[in-house]
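Visitor: Here the protein sequences line up with chains G and X, keeping their order.
Per this note's numbering, the first sequence starts with residue 1, numbered consecutively.
Per this note's numbering, the second sequence starts with residue 434, numbered consecutively.
Don't take every hint at face value.
Ranges of calculated distance between the beta carbons of each label pair, as one might list FRET restraints [as the list claims (entries may be wrong)]:
hint, chain 1, residue 1, chain 2, residue 2, range
1, G, 308, X, 480, 15 to 25 Å
2, X, 723, G, 100, 31 to 41 Å
3, G, 425, X, 504, 11 to 21 Å
4, G, 248, X, 564, 39 to 49 Å
5, G, 367, X, 504, 40 to 50 Å
What the hints contain is simulated information worked out from the structure, not anything from laboratory work.
Computed from a predicted model, the values in this text were never measured in an experiment.
Don't be surprised by glycine CBs; every beta carbon is placed ideally from N, CA and C.
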Amino acid sequence: MKRFWRVSFALFLMGAMVLAVACSGTNNKKPDDTKPATTEPAKPKEVTIRFGTWDSGDGVKGHNDIIKKFNEKFPHIKVQLESVPDDYGTKLLTQMSTGSAPDVFQIGDGDVGMYVKKGTVEDLSAYGIDKNLYYPSVYDVGVVDGKPYLLNKDFSPLAVYYNKTMFEKAGVPLPKDGWTQDEFLAAAKKLTSEKDKVWGVDLTGTWLRALEPWIWANGGKLISDDGKKYEGVMNSDATVKALQYYLDLYRVHKIAPMPADKEALKNIDLFETGKVAMLVTGSWPLSKYKSNPNLKFGVVGLPKGSAGATNVLCWAGFGVYSKSPNKKEAVEFLKFLAGPEGSAVFSKTALPAVKSVGGSDAFAKDEYNKVFLGVLDHVKPFGAKYNYLYGQSGEKFLGPAVEELLLKGGDVKAKLTDAAQKADKELKELQSK
Amino acid sequence: MAAPAVPAPVRTARKRDMQRTREAAWFYACISPWMIGFLVFTIGPMLVSLYLSFTRWDLLSAPSWIGVRNYVKMFTDDPLFWTSLKVTGKYALWRVPAALAAALGIAMLMNQDVKGIRVWRTILYLPNVVSGVAVAVLWMWVFNKDFGVINSLLAFIGIQGPGWLSDPGWSLFSMTIMSMWTVGGMSIIFLAGLKNIPQYLYEAADIDGASSWVKFTRITLPQLSPTIFYNMIMCVIGAFQTFTEAYVMTNGGPLNSTLFYNFYLYRNAFREFKMGYASAMAWFLFVIIVVLSLLVIRSSALWVYYEGEKK
Numbered sequence: 001m002k003r004f005w006r007v008s009f010a011l012f013l014m015g016a017m018v019l020a021v022a023c024s025g026t027n028n029k030k031p032d033d034t035k036p037a038t039t040e041p042a043k044p045k046e047v048t049i050r051f052g053t054w055d056s057g058d059g060v061k062g063h064n065d066i067i068k069k070f071n072e073k074f075p076h077i078k079v080q081l082e083s084v085p086d087d088y089g090t091k092l093l094t095q096m097s098t099g100s101a102p103d104v105f106q107i108g109d110g111d112v113g114m115y116v117k118k119g120t121v122e123d124l125s126a127y128g129i130d131k132n133l134y135y136p137s138v139y140d141v142g143v144v145d146g147k148p149y150l151l152n153k154d155f156s157p158l159a160v161y162y163n164k165t166m167f168e169k170a171g172v173p174l175p176k177d178g179w180t181q182d183e184f185l186a187a188a189k190k191l192t193s194e195k196d197k198v199w200g201v202d203l204t205g206t207w208l209r210a211l212e213p214w215i216w217a218n219g220g221k222l223i224s225d226d227g228k229k230y231e232g233v234m235n236s237d238a239t240v241k242a243l244q245y246y247l248d249l250y251r252v253h254k255i256a257p258m259p260a261d262k263e264a265l266k267n268i269d270l271f272e273t274g275k276v277a278m279l280v281t282g283s284w285p286l287s288k289y290k291s292n293p294n295l296k297f298g299v300v301g302l303p304k305g306s307a308g309a310t311n312v313l314c315w316a317g318f319g320v321y322s323k324s325p326n327k328k329e330a331v332e333f334l335k336f337l338a339g340p341e342g343s344a345v346f347s348k349t350a351l352p353a354v355k356s357v358g359g360s361d362a363f364a365k366d367e368y369n370k371v372f373l374g375v376l377d378h379v380k381p382f383g384a385k386y387n388y389l390y391g392q393s394g395e396k397f398l399g400p401a402v403e404e405l406l407l408k409g410g411d412v413k414a415k416l417t418d419a420a421q422k423a424d425k426e427l428k429e430l431q432s433k
Numbered sequence: 434m435a436a437p438a439v440p441a442p443v444r445t446a447r448k449r450d451m452q453r454t455r456e457a458a459w460f461y462a463c464i465s466p467w468m469i470g471f472l473v474f475t476i477g478p479m480l481v482s483l484y485l486s487f488t489r490w491d492l493l494s495a496p497s498w499i500g501v502r503n504y505v506k507m508f509t510d511d512p513l514f515w516t517s518l519k520v521t522g523k524y525a526l527w528r529v530p531a532a533l534a535a536a537l538g539i540a541m542l543m544n545q546d547v548k549g550i551r552v553w554r555t556i557l558y559l560p561n562v563v564s565g566v567a568v569a570v571l572w573m574w575v576f577n578k579d580f581g582v583i584n585s586l587l588a589f590i591g592i593q594g595p596g597w598l599s600d601p602g603w604s605l606f607s608m609t610i611m612s613m614w615t616v617g618g619m620s621i622i623f624l625a626g627l628k629n630i631p632q633y634l635y636e637a638a639d640i641d642g643a644s645s646w647v648k649f650t651r652i653t654l655p656q657l658s659p660t661i662f663y664n665m666i667m668c669v670i671g672a673f674q675t676f677t678e679a680y681v682m683t684n685g686g687p688l689n690s691t692l693f694y695n696f697y698l699y700r701n702a703f704r705e706f707k708m709g710y711a712s713a714m715a716w717f718l719f720v721i722i723v724v725l726s727l728l729v730i731r732s733s734a735l736w737v738y739y740e741g742e743k744k
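Looking at chain G on its own, in the form it has when it is part of the complex (with noise of 0.2 Å):
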């Protein structure tokens, strides 16, 4: 009797077992929903897509209200949205390479080139997409080889926040539209007090993203134009120059918090709390800024260099699963999530990649987004734009040596060879077969 009982327990804990490993796989449901052909031939057959993003918690609510008003206007196509707020990137690229990539997903700016180059976005040119709707240098950021890849979900350029008090407290003329270089140092140099532990700005540090208008703005490049060489080019003297001009502000001027600085502040906004008198970054601190009372700040566009106003974007948006089953239903929901519907939802937090949005009073008499879309004008591609592989071979490089000389300074022109020439070597190794 007693052995029936071991016996049976043991049974119980390998099927047990079994039933576990089973049920552990990831939520890979089967997209395709197809009901039988009902008594009504013209109802179109009911198809759930999944949607996937890295957002989450409030981050979702958005999609989630565009998904509701989209299911009023499309009522068979269900949408399933996937939030994943962990290692979102290291999860779709796992995705990507079992096939089971959700049918539309959401990737930032530097990685379109990889995955529409790797044939596993669709494209887009065959679905009518109306390119007069957005902004063109929005829109031109999810389109490789001339063809729309991906639509945008939200962007931001940058701009400079001021601190207008205490600007009015040094009598430093506040900054207007089309500033210089000169004009922002000076401003910076009367707004730095290192007896009060205060900077004139708070500046980007080695997000290479941030700097590359500053080398834009000085004339110089990082990339050739056919994205084909990094040598001359990203060591060319213009470049050297202008990457000099951005330390110094560090290393020489001390008008901004070095790394090891913005580390130890690390939970205090700077610039709220009047620790610097300006700020460069992109619109997304705007509405915490504009709900500060005592706050009172304005934004202008990148000081000028000796080659006139750049800036650049940071850019999210959306694309189609190139193997997705239920492509058509995948697209016609992009659509909606990327125009003029899904743009209005998404604009209450964010800058909408869609004019007429963009046309609204909300963002056109408000003087905070004004600029930013103002400096739409000013904005180049960046980098990853000239070639796919911009990141893995130019960033690479590039971005060590910048935190080496922004932290122990040295020899531009040298540092800069060096990492172009590296740059290079990892370019051909990587488009070699």
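Since the structure of chain G is already known, use the hints to place chain X on it.
Guide: What follows is chain X alone, placed relative to chain G:
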């Protein structure tokens, strides 16, 4: 009634065989869930990863065979590979002796015959329970250059503390200190080892008038050597696999001073789309750990003392 066709010894031999087969069948049946899991989730992926280490694979398109190019590149053309090995090796070199000593010290504290020792044991073990990411974030605040606990205390006595995590010269050392937080697991094992040392050895030593130091080095350590041996291997393996701290706290910086091997591997795989190269790195790490473990095991004959072992 016929006479038995089979002679008695053969009959019992056959019965024994049948019983052995039945026992074997039960063994395999019971072990099968683990076996299947091991083959499907451990050995299988390991073999696939070995294959992948000879390919170039960006996860987005199919892998393409490139032979030993990944390994060649690893050894000849990747300075960060050597950097990450140096960082990880240095870390292991500091951590293993320090952790063993700290764990032993804590275990000896836990072994005191003091009232309420159970509560103390729990408290001393508590840091081990906190999850890796939470520990990392917590220590980022402790190490904060301007507001952290350490620098605030140092400022009290007039010393300007360094940037524990922001200074490339200090960052790896800081992470080693932080790793001392989680020696609780090893302490528990040491505690069990300590409890296993027969008391009469100490009593005999007392009678002979031995000092505490002599008792420690001549009785405790030799008796504890199998436990030290086990903890040493586990610690070495763990040290070489460090990932979370680099991922959460420093991203390998500043200036690659905390570029742990495992983290560099992850970066190659998922940030640079180089899964094949990362697989090659993973297999090399496997070789390193096997070699180190073998070294420790081989050397154990010299210093590990097993009670009841016949030399």
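Visitor: Name the hints, by number, that the structure is in violation of.
Guide: Structure breaks hints 1 and 5.
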